[in-house]
Amino acid sequence: MKPPAIKFFLSIFFAFFAINFQAQYIFNLPLSNRQANYIIRVNLNTENKMLTAVQKLTYINQSADTLTELQFHAYMNAFMNNQSTFMKESNRPGSSGNPEWDFGFLKINKLSLADSANLLPSLTYFSPDDNNPDDRTVFKIKLPGKLMPKDSVILNFEFEVKLPKIIARTGYVRDYFFIAQWFPKIGVYEPAGMRYAKRGAWNCHQFHANSEFYSNFGTYDVYITLPQEYVVGSGGKLMDKKEDAKGLTTWYFRAEDIVDFAWTASKRFKVAEKQWNHVKIQLLYQPEHKDLVQRHFDATIAALEYFEETLETFPYPHLTIVDPPFYGMGSSGMEYTTLFTAGSFWNEPEGLRFTEMVTVHEFGHAYFMGMLASNEFEEAWLDEGFNSYFETKILDHYYGKNTGLIDIAGIQIGDFEFSRSGYASLKNKGMAEIYRNAWDYPYGGYGVYSYQKPAVVLQTLEGIVGEKVMYQILKTYFKRWKFKHPSTRNFIEIAAEVIEANSNGNPKFDINQYFSQTVYGSGHMDYAVTDISNQLKPGAQGWFETTGNLAVKNEKSTDQYESYVQIERFGEVILPVEVLVKFSSGREVLETFDSDQKRFRLKYSGPDRVVSATIDPNFKIPLDTNVINNSYSITVKQAAKRKIFATFLFWLQNFIQFFI
Amino acid sequence: MNLFNAYSQGFKETGKNLRVLFLLFAVNFVLAILAIKPLMNLITKGFGNSLAVTELLHGFNYTIINDFLSQNNHLFTFITAILLVIIPLYWLLSVFFSGGILHTLNRNSYTLTTFFNGAVANFLRFLAVSLTFIILQVLFALAVFGILGATIENFFSTASSEISIFWYVFSFFLSFSIISLFLQSISDYTKCYLMLNASNNILKAIWRSLVFVIKHFLNTFFLKLLLSLTPLPVFYIWYKITHDMEGATWLGLIVLFVLQQIFVFFRVYMHVWSYASVLEFYSHRFLLAEFNSIDKKSFTNWNNAATDISEEKKVSAAPIQETQKEEDVYMQKMDEEINKTNESKV
Ligand SMILES: [Zn+2]
Numbered sequence: 001m002k003p004p005a006i007k008f009f010l011s012i013f014f015a016f017f018a019i020n021f022q023a024q025y026i027f028n029l030p031l032s033n034r035q036a037n038y039i040i041r042v043n044l045n046t047e048n049k050m051l052t053a054v055q056k057l058t059y060i061n062q063s064a065d066t067l068t069e070l071q072f073h074a075y076m077n078a079f080m081n082n083q084s085t086f087m088k089e090s091n092r093p094g095s096s097g098n099p100e101w102d103f104g105f106l107k108i109n110k111l112s113l114a115d116s117a118n119l120l121p122s123l124t125y126f127s128p129d130d131n132n133p134d135d136r137t138v139f140k141i142k143l144p145g146k147l148m149p150k151d152s153v154i155l156n157f158e159f160e161v162k163l164p165k166i167i168a169r170t171g172y173v174r175d176y177f178f179i180a181q182w183f184p185k186i187g188v189y190e191p192a193g194m195r196y197a198k199r200g201a202w203n204c205h206q207f208h209a210n211s212e213f214y215s216n217f218g219t220y221d222v223y224i225t226l227p228q229e230y231v232v233g234s235g236g237k238l239m240d241k242k243e244d245a246k247g248l249t250t251w252y253f254r255a256e257d258i259v260d261f262a263w264t265a266s267k268r269f270k271v272a273e274k275q276w277n278h279v280k281i282q283l284l285y286q287p288e289h290k291d292l293v294q295r296h297f298d299a300t301i302a303a304l305e306y307f308e309e310t311l312e313t314f315p316y317p318h319l320t321i322v323d324p325p326f327y328g329m330g331s332s333g334m335e336y337t338t339l340f341t342a343g344s345f346w347n348e349p350e351g352l353r354f355t356e357m358v359t360v361h362e363f364g365h366a367y368f369m370g371m372l373a374s375n376e377f378e379e380a381w382l383d384e385g386f387n388s389y390f391e392t393k394i395l396d397h398y399y400g401k402n403t404g405l406i407d408i409a410g411i412q413i414g415d416f417e418f419s420r421s422g423y424a425s426l427k428n429k430g431m432a433e434i435y436r437n438a439w440d441y442p443y444g445g446y447g448v449y450s451y452q453k454p455a456v457v458l459q460t461l462e463g464i465v466g467e468k469v470m471y472q473i474l475k476t477y478f479k480r481w482k483f484k485h486p487s488t489r490n491f492i493e494i495a496a497e498v499i500e501a502n503s504n505g506n507p508k509f510d511i512n513q514y515f516s517q518t519v520y521g522s523g524h525m526d527y528a529v530t531d532i533s534n535q536l537k538p539g540a541q542g543w544f545e546t547t548g549n550l551a552v553k554n555e556k557s558t559d560q561y562e563s564y565v566q567i568e569r570f571g572e573v574i575l576p577v578e579v580l581v582k583f584s585s586g587r588e589v590l591e592t593f594d595s596d597q598k599r600f601r602l603k604y605s606g607p608d609r610v611v612s613a614t615i616d617p618n619f620k621i622p623l624d625t626n627v628i629n630n631s632y633s634i635t636v637k638q639a640a641k642r643k644i645f646a647t648f649l650f651w652l653q654n655f656i657q658f659f660i
Numbered sequence: 001m002n003l004f005n006a007y008s009q010g011f012k013e014t015g016k017n018l019r020v021l022f023l024l025f026a027v028n029f030v031l032a033i034l035a036i037k038p039l040m041n042l043i044t045k046g047f048g049n050s051l052a053v054t055e056l057l058h059g060f061n062y063t064i065i066n067d068f069l070s071q072n073n074h075l076f077t078f079i080t081a082i083l084l085v086i087i088p089l090y091w092l093l094s095v096f097f098s099g100g101i102l103h104t105l106n107r108n109s110y111t112l113t114t115f116f117n118g119a120v121a122n123f124l125r126f127l128a129v130s131l132t133f134i135i136l137q138v139l140f141a142l143a144v145f146g147i148l149g150a151t152i153e154n155f156f157s158t159a160s161s162e163i164s165i166f167w168y169v170f171s172f173f174l175s176f177s178i179i180s181l182f183l184q185s186i187s188d189y190t191k192c193y194l195m196l197n198a199s200n201n202i203l204k205a206i207w208r209s210l211v212f213v214i215k216h217f218l219n220t221f222f223l224k225l226l227l228s229l230t231p232l233p234v235f236y237i238w239y240k241i242t243h244d245m246e247g248a249t250w251l252g253l254i255v256l257f258v259l260q261q262i263f264v265f266f267r268v269y270m271h272v273w274s275y276a277s278v279l280e281f282y283s284h285r286f287l288l289a290e291f292n293s294i295d296k297k298s299f300t301n302w303n304n305a306a307t308d309i310s311e312e313k314k315v316s317a318a319p320i321q322e323t324q325k326e327e328d329v330y331m332q333k334m335d336e337e338i339n340k341t342n343e344s345k346v
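Going line by line, the protein sequences match chains A and B.
Quick note: the first sequence uses my numbering, first residue 1, plus one each step.
Quick note: the second sequence uses my numbering, first residue 1, plus one each step.
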């Protein structure tokens, strides 16, 4: 950093703390423990793509431990060079030939306590997850004294950020800026008893290819200064906006009870607003996406309503949706509690609900990464998995069970169907288990095991316990753990408690076994009906003793059938499943099959034959990865095959005609 | 003769060629059946005794299709293999048939004997033409999409929105479509030329057809365009009629099947119609052009027409001795013919 820059820096630093800001609050009572509170004043230089900032962090030690060290995320350094853990894990090609502009960094120039004790010499970068010496995404500082329980410490930072070309949802492209992972953010100190901690320790992971969040709740007062032609949006509520004589505008945002703060700026943004109950929804959209504005609002309101009904009302009075330009698509589909980026494209047909899908999904994160704020690094499924489950519920509820995602030209795909197919069509379904560190999944596994399979596992749980009980579980989990960083174990305990309360003394479903198979285990589930047999019961033939004498009998076959339905289990997962057995007389029997045997026969005798049997006839157990073998009929309807034949024939005839 | 006359006249002429139409349809049908049979065996085996297959009667079911395909992932390889065999085979047959189609239309003799005579007589020259134009299409495709590929990244980095990218990519597809239609047009007229002249001089034929197509660009291009676009509204109507049909009952299935096959028959009809219209347009224009340029050498082949034309509208390809007298007769007949056409147009 050059001397004139330091001068400028210091001037804004002192000016900043000299101003006596008028205190304005969003909530009368805090929603969270507000452990880490930030005041940041940042300048965006839109020409050289640099941020210069001063930050005041007030951190409260809410544990019973005495702290001598603090740990921080410096996630912008994930994009510093191609040797960072993020870059190595994500197999990125690196620079397109212009490393100076492609890569970015966070550089802390000054770090001091409120009493101006310089802490910079004690700042050490380290890599707790992989010991990568080239990774600078986590650092620690030694405190000169002790931070006692319930005491707070004020840290003053001066830092600069060189923004990378948009990567992993942060950076710039042309005059579009999406600024995330940009400030030194304190890690989470987990005292003994919190989640799995046996003794107090910092939980501060490096930035990985597949996870972003585990942070404290707090408040953010952020002052963003940049050229006045830029439109700015953020995860905060706009409290004030001032223009100066130099053509710069300062936007003041405040956010409360969130875990991270991101913002965006672009000259091209158009602004649309919509009020839903107490929530003011702001959409920053591209001019060419004007026709899609209503679709963003409709999807967001659908999600707001659904979450209100099933978990709790969205508490924040403001919500910002960012619709990135096509060249900034690298920032689409990202969540920040009260701000999220969607993603849409010009003339997107209504039957393709990608805009709705991404909108509902990213909004949903407000409840999981946002308010529950579980540890995404170690238990990604608690965020992405739960959110994917809700995403599929909402889309299929509002846009049709089998048309939630796609309904165009005769092709219909429900959002849940689509999620399930990602897991069900996997060749090696057992390559990982859901419960795993996000950076430890095998290549390509993160999406399946932290999004898709969890959605199927939760949907299957709903199928087993019923929708009412399921929502009771989810509601209890949310109400009890919001703003408290729950773990998988916390969720399972609540599920067990709610199921127990609803069991009415009946033999109950073993929830622990369910999760040990589906979340902690990697086995798959596949039940099949493999045979149906109907034999006429033979008449008595041979010597029979009646009243002390032996007499010969030679009866003809009876008109009674001895029938069986053979059920086989091809997967490792054992679950109770329903079997619908149909008889030639039209009689139907719905059985629950609950056995750990690999092969089992359901036996019947009577005057009518078994004609078909179907496992899980109401598709309550979508975890079963093959629905084709779930049913068996002794008379397969030929019409269906003939229709497939005719359709295939027709398309082949047309296809070959095309080439002449 | 303009493109609309050629278009409507081609339709009428095709209607007379019923035997050939049914033969072509039968070949398409039988070939597709042969190809689909082993595929159906695989599908039948894949579903086994499952009831899942009946779900498909009621329409698209993604879960069933997904699970079926992931359990039977060799199906794609199999379908690809089938297509790799059937497409070249059908293409080769259609090259063979195209000689027959043009011959029957030219002779106004819609018998299978005429058809096969024409098919055999023209097969090799048509094969050479078809291969030449396939190579040309590929070369042009490589050129057009090569330019697109080489420039798209740069265009991406400067485009202000996806709209301009859409139009940019679209313009390349449009350009290729225009080039492709243009090439197909030349190919069609080359076939006409070769058939009418019983010539094997492919290069000359292509050259003359190129000149012909350029000279009558509006008519030739838009005739080809019109013929290429005709199936679209027909397919739309067909789709509207059939897309709610479940085919769950025997009767429903039969109705659906018949409607499907009617559409395929229409596609075959369209194929012949396309040749008929082109030939219709060509016969008139080409003959007129021949007279104007007094190209004696190529004229030779046409003289037979002088005797034919009084009974038949068009000319035959059999060459006879050149005499000035016959030219006069022929010219006179042609003039009458052209006048007749012009009158009917009024
Ligand atoms: Zn997500």
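I should point out that these hints are in silico values taken from the structure, not numbers from a laboratory.
Predicted model only: the values in this text are computed from it and were never measured.
Heads up, the beta-carbon is just placed ideally off N, CA and C, and yes, glycines get one too.
A few of these clues could be false.
Okay, derived cross-link-like pairs now, EDC-like style, lysine to aspartate or glutamate, Cα gap no bigger than 16 angstroms in a straight line [as the list claims (entries may be wrong)]:
1) K598/A - E562/A
2) K290/A - E162/B
3) K620/A - E462/A
4) K270/A - D291/A
5) K508/A - E462/A
6) K641/A - E55/B
7) K508/A - D531/A
8) K537/A - D608/A
9) K641/A - E246/B
Every beta carbon over 12 angstroms from chain B, so not counted as near; a handful from chain A, in silico [to be verified]:
10) M50
11) K56
12) D115
13) E229
14) K237
15) Y252
16) H278
17) F416
18) K553
19) S585
20) A613
21) S633
22) R642
Negatives, chain B to chain A, calculated, CB over 10 angstroms [said to hold, decoys possible]:
23) L69
24) L112
25) T132
26) I135
27) F172
28) F221
29) H243
A quick look at each hint next to the structure:
1. K598/A - E562/A: Since the Cα atoms of K598/A and E562/A sit roughly 22 angstroms apart, the hinted pair is violated (cutoff 16 angstroms).
2. K290/A - E162/B: It holds: about 14 angstroms lies between the C-alpha atoms, which stays within 16 angstroms.
3. K620/A - E462/A: holds (8 angstroms)
4. K270/A - D291/A: Holds, because 12 angstroms separates the two Cα atoms, which is no more than 16 angstroms.
5. K508/A - E462/A: Holds, at about 15 angstroms.
6. K641/A - E55/B: Since the Cα atoms of K641/A and E55/B sit roughly 11 angstroms apart, the hinted pair holds (cutoff 16 angstroms).
7. K508/A - D531/A: At roughly 30 angstroms apart (the allowed maximum being 16 angstroms), D531/A and K508/A break the hint.
8. K537/A - D608/A: Holds - the C-alpha atoms of D608/A and K537/A are around 12 angstroms apart, at most 16 angstroms.
9. K641/A - E246/B: holds (13 angstroms)
10. M50: Consistent with the label, M50/A stays out of reach of chain B, its closest Cβ about 22 angstroms off (over 12 angstroms).
11. K56: The claim stands: K56/A keeps its Cβ more than 12 angstroms from every Cβ of chain B (closest is about 39 angstroms).
12. D115: holds (50 angstroms)
13. E229: With a cut-off of 12 angstroms, E229/A remains clear of chain B, as the shortest Cβ separation is near 16 angstroms.
14. K237: At roughly 30 angstroms from the nearest Cβ of chain B, K237/A sits farther out than 12 angstroms, so the non-interface label holds.
15. Y252: Holds, because the least Cβ-Cβ distance between Y252/A and chain B comes to about 31 angstroms, which exceeds 12 angstroms.
16. H278: holds (34 angstroms)
17. F416: Violated: least Cβ distance 9 angstroms, not greater than 12 angstroms.
18. K553: holds (37 angstroms)
19. S585: holds (18 angstroms)
20. A613: A613/A is in fact no farther than 12 angstroms from some Cβ atom of chain B, at 9 angstroms.
21. S633: violated (5 angstroms)
22. R642: The claim breaks: R642/A does not keep its Cβ more than 12 angstroms from every Cβ of chain B (closest is about 6 angstroms).
23. L69: violated (7 angstroms)
24. L112: The assertion about L112/B holds, with a minimum of 19 angstroms to chain A.
25. T132: T132/B clear of chain A: closest Cβ-Cβ about 16 angstroms, beyond 10 angstroms.
26. I135: For I135/B, whose nearest Cβ neighbour in chain A is about 15 angstroms away, the distance exceeds 10 angstroms, so it holds.
27. F172: holds (18 angstroms)
28. F221: holds (20 angstroms)
29. H243: violated (6 angstroms)
Comparing the model with each earlier hint shows violations of hints 1, 7, 17, 20, 21, 22, 23, 29; every other hint is respected.
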